[in-house]
Structures are given as C-alpha cells and as structure tokens.
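S.K.: In the order they appear, the protein sequences are chains E and F.
Each number in this note's numbering comes from the position in the first sequence (counting from 1) with 959 added on.
For the second sequence, counting from 1, position 103 maps to 93 in this note's numbering; every step adds exactly one.
Worth double-checking, as some hints may not be accurate.
Stated by the list, open to error - With a straight-line Cα cutoff of 30 Å, these simulated BS3-like cross-link-like pairs (lysine-lysine) come out:
{"hint": "1", "chain 1": "E", "residue 1": "1008", "chain 2": "E", "residue 2": "983"}
{"hint": "2", "chain 1": "E", "residue 1": "1008", "chain 2": "F", "residue 2": "47"}
{"hint": "3", "chain 1": "E", "residue 1": "1028", "chain 2": "E", "residue 2": "983"}
{"hint": "4", "chain 1": "E", "residue 1": "1028", "chain 2": "E", "residue 2": "1008"}
{"hint": "5", "chain 1": "F", "residue 1": "47", "chain 2": "E", "residue 2": "983"}
{"hint": "6", "chain 1": "F", "residue 1": "8", "chain 2": "F", "residue 2": "47"}
Stated by the list, open to error - Incomplete in silico selection of chain E near chain F, CB under 7 Å:
{"hint": "7", "residue": "1002"}
{"hint": "8", "residue": "1003"}
{"hint": "9", "residue": "1028"}
{"hint": "10", "residue": "1065"}
In case anyone wonders, no lab produced these hints; they're calculated from the structure.
Glycine is no exception: its CB is placed at the ideal position from the N, C-alpha and C atoms.
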Amino acid sequence: AQSVTQPDARVTVSEGASLQLRCKYSYSGTPYLFWYVQYPRQGLQLLLKYYSGDPVVQGVNGFEAEFSKSNSSFHLRKASVHWSDSAVYFCVLRAYQGGRALIFGTGTTVSVSP
Amino acid sequence: EAAVTQSPRNKVAVTGGKVTLSCNQTNNHNNMYWYRQDTGHGLRLIHYSYGAGSTEKGDIPDGYKASRPSQENFSLILELATPSQTSVYFCASGGGQGAGYAEQFFGPGTRLTVL
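Please work from the sequences and hints to get the whole structure.
M.R.: See the structure below:
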C-alpha cells in the first residue's frame, strides 16, 4: 500500500534558523514526490517536485528537498526561515501508474517565532 | 486569472439538506479531483474524474456524488448532508498520468459547516 508519513505534527523555529521537515513514503514503484504548502485559510501551493534525476531538488522561496530511495524519504529543508514561512507543509506521493490522485501526509505545522 | 476556482467559499447547511459544491478550471486538464481536509488526516480523495462525463470513486466516497458535465466543471454533491461532512473541501485539476503530468493545481477551498 502507498502511504506518506510526516512524523512531526508541529515544529517551532526562530526566524533566521534552519528548518528540516521529515517525510517517509511507502511505495514499491517509481514515486513522484511533492511538497505543498498551505498558508492560513488558503489553498495548497506547490513548493517543489521530484520526478527523477538529481536527488536534491530546488523549489520556491529557498526551499529544497532531498530524495533518498534507500531510506524512502523526501525531507524538506530551508537554510534560514522567515516569519512568512509559517504554514502547514504537506509531503505528497503520486504513484507512477494509474490516474489516481495524490496521497498526502498528515502535514507539519510550522510556526516561525520572531 | 486563477486557474481553479470554487464556489461557494463558505457554506452553512442543515442536516438532511442537499449541498452542491462547484469547481471550475481553466487549465484544460483532463483530470479533476475532490478532496476533503480534516485535522490529522491531511487531504483525502472523495471522487475524481478523467474527463467530461466520467466520475470515479476515491478513498472516501460514501455520502457523496460527483458530476463532470464538461472539461471545465466538476461538482460535488451531498444529497443528505450530515454533521460528519463538516470539513474544508478542495478541488484540484491535473493533466494525467506519467512524468510531467503528476502535479495537481488546487482551488482555494470551500468551508462547509453542517448543523
């Protein structure tokens, strides 16, 4: 079965500090992986995506993520957070086969304190 | 120029009433999806569609119907709304299968409260 686990429900960091959000996935085939962000009372916006190739992918607003097939992980990082990065972050899996939808993790709420 | 729009943005309904949530996309995507978002569950798939005239059941379809009358429009219908359907509903569109088409584009969401 396909699944995504985000073990940290909530993370608090100070402005200017680094951020890492963890994501583990379960899928035996070729995964497409995404990180989406949801700002308060808004829809979801794509931060970055991984389809193949270089395991480190760059996204918007200084975010990057690293894919590891051996660890079944797709962790998100940012070197220096800003207060505007406070949001909910979702790690998302899409199976290669089939027209089914995305499989979401439960999300990590990030609070950036001044 | 928003590519995926939803209406209404907020809705209060009574138990047993009929609710229709509408979604429109200008991406010319074949696939459209309805999700609901609840605390602790992330987003869960209710129904999806591969194109006009088609609807498919997602992971949690009970109590919901869907309609895809055209490429652009996809509706979610609650024939007999219940308080357990209080949630935030998101519509999304996507191109299809395979590389380059996996990304989905989301609407702003509809907050539904069933009293």
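S.K.: Next step is simple, just say for each hint if it's right about the structure.
M.R.: For each hint, the structure was consulted:
1. Pair hint residue 1008 of chain E plus residue 983 of chain E holds up; C-alpha atoms about 15 Å apart against a cutoff of 30 Å.
2. With a CA separation close to 26 Å, the supplied pair residue 1008 of chain E and residue 47 of chain F stays within the 30 Å bound.
3. Restraint check for residue 1028 of chain E and residue 983 of chain E: the C-alpha separation of about 10 Å stays at or below 30 Å, so the hint holds.
4. Pair hint residue 1028 of chain E plus residue 1008 of chain E holds up; C-alpha atoms about 15 Å apart against a cutoff of 30 Å.
5. Of the pairs offered as hints, the one joining residue 47 of chain F and residue 983 of chain E holds, with about 26 Å between alpha carbons and a cut-off of 30 Å not exceeded.
6. For the suggested pair residue 8 of chain F and residue 47 of chain F, the alpha carbons sit about 19 Å apart, so the restraint of at most 30 Å is met.
7. Evaluation of the residue 1002 of chain E hint against chain F yields a held restraint, the C-beta minimum of about 4 Å falling below 7 Å.
8. At a threshold of 7 Å, the smallest CB-CB gap from residue 1003 of chain E to chain F is about 4 Å, leaving the interface hint in force.
9. Given hint, residue 1028 of chain E at the interface with chain F, is violated; its Cβ is 16 Å from that chain's nearest Cβ, farther than 7 Å.
10. With 7 Å as the threshold, the beta carbon of residue 1065 of chain E comes within range of chain F, its nearest partner Cβ sitting at about 5 Å, so the hint holds.
Violated hint for the displayed structure: number 9, the only one.
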